[in-house]
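Peer 1: Chain by chain, the residues:
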Amino acid sequence: MLYAFDLFGVFVFAVSGALVAARKQLDWLGALVLAAVTAVGGGTLRDLLLARHPLVWFSDAHYLLTIALAVAATWVWGRQRPVPKRALLVADAAGLSLFTVVGTQVALTQGQGAVIAVLLGITTGAAGGAIRDVLCAEVPLVLRQEIYATAAAAGGLLFVLLTGLGLPAAAAALVAMAAVFALRLAAIYRDWHLPRYRLRAEGE
Amino acid sequence: MLYAFDLFGVFVFAVSGALVAARKQLDWLGALVLAAVTAVGGGTLRDLLLARHPLVWFSDAHYLLTIALAVAATWVWGRQRPVPKRALLVADAAGLSLFTVVGTQVALTQGQGAVIAVLLGITTGAAGGAIRDVLCAEVPLVLRQEIYATAAAAGGLLFVLLTGLGLPAAAAALVAMAAVFALRLAAIYRDWHLPRYRLRAEGE
Amino acid sequence: MLYAFDLFGVFVFAVSGALVAARKQLDWLGALVLAAVTAVGGGTLRDLLLARHPLVWFSDAHYLLTIALAVAATWVWGRQRPVPKRALLVADAAGLSLFTVVGTQVALTQGQGAVIAVLLGITTGAAGGAIRDVLCAEVPLVLRQEIYATAAAAGGLLFVLLTGLGLPAAAAALVAMAAVFALRLAAIYRDWHLPRYRLRAEGE
Chain W
0 MLYAFDLFGV FVFAVSGALV AARKQLDWLG ALVLAAVTAV GGGTLRDLLL
50 ARHPLVWFSD AHYLLTIALA VAATWVWGRQ RPVPKRALLV ADAAGLSLFT
100 VVGTQVALTQ GQGAVIAVLL GITTGAAGGA IRDVLCAEVP LVLRQEIYAT
150 AAAAGGLLFV LLTGLGLPAA AAALVAMAAV FALRLAAIYR DWHLPRYRLR
200 AEGE
Chain Y
0 MLYAFDLFGV FVFAVSGALV AARKQLDWLG ALVLAAVTAV GGGTLRDLLL
50 ARHPLVWFSD AHYLLTIALA VAATWVWGRQ RPVPKRALLV ADAAGLSLFT
100 VVGTQVALTQ GQGAVIAVLL GITTGAAGGA IRDVLCAEVP LVLRQEIYAT
150 AAAAGGLLFV LLTGLGLPAA AAALVAMAAV FALRLAAIYR DWHLPRYRLR
200 AEGE
Chain E
0 MLYAFDLFGV FVFAVSGALV AARKQLDWLG ALVLAAVTAV GGGTLRDLLL
50 ARHPLVWFSD AHYLLTIALA VAATWVWGRQ RPVPKRALLV ADAAGLSLFT
100 VVGTQVALTQ GQGAVIAVLL GITTGAAGGA IRDVLCAEVP LVLRQEIYAT
150 AAAAGGLLFV LLTGLGLPAA AAALVAMAAV FALRLAAIYR DWHLPRYRLR
200 AEGE
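Protein chains in written order, with numbering that gives the first Met the number 0: chain W, 0 to 203; chain Y, 0 to 203; chain E, 0 to 203.
Any given hint could be a false lead.
DSS-like mimics (lysine-lysine), calculated; alpha carbons at most 30 Å apart, straight line [said to hold, decoys possible]:
| # | chain 1 | residue 1 | chain 2 | residue 2 |
| --- | --- | --- | --- | --- |
| 1 | W | K23 | E | K84 |
| 2 | Y | K23 | W | K84 |
| 3 | W | K23 | E | K23 |
| 4 | Y | K23 | E | K23 |
| 5 | Y | K23 | W | K23 |
| 6 | Y | K23 | Y | K84 |
| 7 | E | K84 | Y | K84 |
| 8 | W | K84 | W | K23 |
| 9 | E | K84 | E | K23 |
Source of the hints: derived by calculation from the structure; they are not laboratory data. Keep in mind the model is a prediction, meaning the values are calculated, not measured.
Make the full structure from the sequences, and use the hints.
Peer 2: Laid out in structure tokens, this is it:
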């Protein structure tokens with residue numbers, strides 16, 4: 000179950016990388032590189048922080064195949080009909096939902112406490128997209144978009160809470176993922192936001 | 000003593016992250032994320048390079064509490080009076096001073112030689128701020144500001160030298176930190192600088 | 000042999016970092032930092048992904064000496080005659096050729112399969128330059144330049160193929176490096192390129 004979520008997260012983050020690659024007019028290999036870095040970046044950083052070796056995509060070919068499939072599928076789909084403007088944000092939101100919960104669960108099974116598990120969940124969910132955006136010399140969505148870290152934190156906490164209350168992990172994961180995704184969609188389509196972190200600045 | 004320096008470095012780098020977050024109009028969770036990445040980035044990279052696991056902020060809650068406290072304290076302070084233009088540079092300079100020396104000492108206690116210890120000190124001191132700036136799509140201070148890597152290198156060398164001469168680590172650390180901080184302040188307020196690395200370029 | 004290629008790669012990537020440092024008007028220490036990060040970045044990331052410790056430049060001083068030598072040699076050379084516009088691209092291409100093949104071979108000797116070995120080769124070859132460009136707030140060559148990831152992938156595959164066919168590693172490495180370098184030079188001077196990854200986008 001966790002495995003299926005993880006691969007689905009790889010797929011949607013690879014799609015987000017492919018969409019950015021098209022905007023940036025990369026060639027096919029460049030698109031594959033950007034999709035791969037986006038898709039495995041979050042989980043790889045999590046595993047480096049946890050000293051969890053070997054990395055899963057070294058030994059399991061499904062990860063790389065999923066990335067190649069996502070780049071091809073995005074191309075087939077995006078040749079036939081115009082890609083909606085918000086497709087990138089929605090694919091990224093799906094990846095954030097999936098990876099945050101997967102990352103939180105991985106950290107819990109590695110024996111981390113709740114707070115660190117949620118932080119590693121946020122890291123897993125946000126880092127791949129951040130690497131994608133930094134490579135394109137843009138400020139990452141996690142800093143630009145409101146209710147991004149917030150949505151991930153809420154989802155990680157919800158997962159810890161629900162499994163702590165005895166809910167089966169699969170059910171807790173589905174609820175937490177739905178919560179992250181719903182919060183992000185509300186931020187994207189309804190312009191929900193949180194109060195800004197504001198200081199009084201001297202005239203610069 | 001080392002521990003107190005490390006937490007104080009976390010505090011001032013978290014302040015620097017919060018100041019950038021306010022400039023970039025992030026929301027509260029975004030500010031926490033940026034402050035946390037800035038504060039633990041340097042030490043985390045050092046520990047990954049040294050294969051030093053588990054990461055200290057996984058098991059010691061004081062690190063995360065210090066970050067939260069720094070973000071809140073910056074807000075309380077910055078709501079009441081205008082934030083001086085150079086507050087960011089000064090907070091960053093304080094963090095660079097503390098983390099460079101802490102990083103150098105950690106590398107020495109891990110059995111590294113003097114040169115690598117100083118390099119890991121510079122890495123510890125400069126990486127958190129560099130990650131902060133890269134995430135905001137800006138050229139890091141370590142490359143933009145003169146006498147930055149220079150100040151860190153001088154501080155690391157001074158610490159190695161003084162402890163090598165038999166000075167107690169705490170005294171050597173204080174002297175080395177003061178040197179880094181003084182060099183950075185001179186660069187910020189007096190516009191001290193080193194010769195540029197200059198080549199003759201063909202008209203581009 | 001591998002060792003000589005690795006040091007030569009460190010040299011040319013350090014040159015590329017020094018050339019960028021001169022363009023960005025860094026001071027001498029900043030130029031050393033940028034050259035060092037460019038030169039050891041790719042191999043360090045590869046070794047972190049492979050959990051291969053301790054890092055080679057911790058214990059072997061030739062790496063750091065090579066970097067210092069490259070920065071000094073670039074300065075001596077670039078003071079006397081104008082630096083050609085494409086010197087940076089050519090130095091980067093040389094580094095990509097050397098590190099891609101070295102990285103592929105390191106991964107093979109660590110017991111990785113052919114696909115992962117080629118991916119780690121691309122990572123070794125492309126990451127140092129990508130870090131250099133990201134620190135300068137620019138889109139990395141691996142995404143901007145056509146036939147970059149492609150050239151690295153071709154070189155890695157060629158090396159795997161030729162050693163698989165029984166060619167001695169040194170001969171296979173020379174052929175594969177020449178192929179990567181030739182492909183990059185063709186892209187730089189002849190404007191060779193691959194088809195773009197193109198989608199139909201809604202008017203943004």
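Peer 1: Please list, smallest to largest, the hint numbers that this structure does not respect.
Peer 2: Number 7 only.
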